[in-house]
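A.B. asks: Given only the sequences and the hints, what does the whole structure look like? Please build it.
So for the sequence shown, the numbering used here puts the first residue at 2; every next one is plus one.
Not one of these hints is a red herring.
Derived pair list, reagent style DSS-like, types lysine-lysine, alpha-carbon separation capped at 30 Å: (1) K107 <-> K66; (2) K65 <-> K95; (3) K184 <-> K104; (4) K63 <-> K135; (5) K104 <-> K135; (6) K66 <-> K135; (7) K95 <-> K135; (8) K135 <-> K107; (9) K206 <-> K95; (10) K184 <-> K63; (11) K184 <-> K65; (12) K63 <-> K104; (13) K104 <-> K127; (14) K107 <-> K95; (15) K104 <-> K65; (16) K135 <-> K184; (17) K206 <-> K184; (18) K66 <-> K184.
None of these hints come from the bench; they were simulated from the model. Remember, predicted model here, so these are calculated numbers, not experimental data.
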Amino acid sequence: MRNPWEEIPLSDYENHMKLDSVMQLQAMNQMMNGQFHTYPVDSIMILGVAGGNGLEHIDREKYKKVYGIDINEGYLEAVQERYSNLSDILECRKINLLEEADKLPKAQMVVANLLIEYIGYECFQKAIVSAEPKYVSCGIQINLDDSWVSDSPYLHVFDDLDRVHHQMDADSLRCAMEEIGYKPIRELDYPLPNGKKLVQLDFGK
2 MRNPWEEIPL
12 SDYENHMKLD
22 SVMQLQAMNQ
32 MMNGQFHTYP
42 VDSIMILGVA
52 GGNGLEHIDR
62 EKYKKVYGID
72 INEGYLEAVQ
82 ERYSNLSDIL
92 ECRKINLLEE
102 ADKLPKAQMV
112 VANLLIEYIG
122 YECFQKAIVS
132 AEPKYVSCGI
142 QINLDDSWVS
152 DSPYLHVFDD
162 LDRVHHQMDA
172 DSLRCAMEEI
182 GYKPIRELDY
192 PLPNGKKLVQ
202 LDFGK
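C.D. replies: Spelled out as structure tokens, the structure:
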């Protein structure tokens, strides 16, 4: 059975995420600006790169290599088209992390925003062990109510995600990262509408 993320049109995903009632695209963009500039690294991997939100913040003088990883080939094609100015340092790879985490390249830093929810802690551990980064920065959604997808005209597009979604909490993520040798070094909150927030958790080895 195909992963539901292979079926969701990028336009529906992005239009939902940037609604005033959702604001996740904007919050993640702000988060990624900080993620890209905080640590002394020159290679970075974005797991679940989707359409490349945030890549405009990549500093060409800092980064020698940027990997964009996603399960949806159409998303990766959009990234390459949108960010052709990064073509000499940006490499997009179609990888199903649930089955192919061992195929990840090495990078000094891994960024994973709204990604662990769809692969689970154990698979994320495998991905990090494979990539061997010095720093890991994760953005997870914390729900202050019972709903994990905000209401929008695009809501039906996400119906199949229920079968791959995992509820997140910061303590469980910290424990999972400590199990593979990563210590928490930073935490930031990004409030969202509809009783939700994004929490950025950074780890170092």
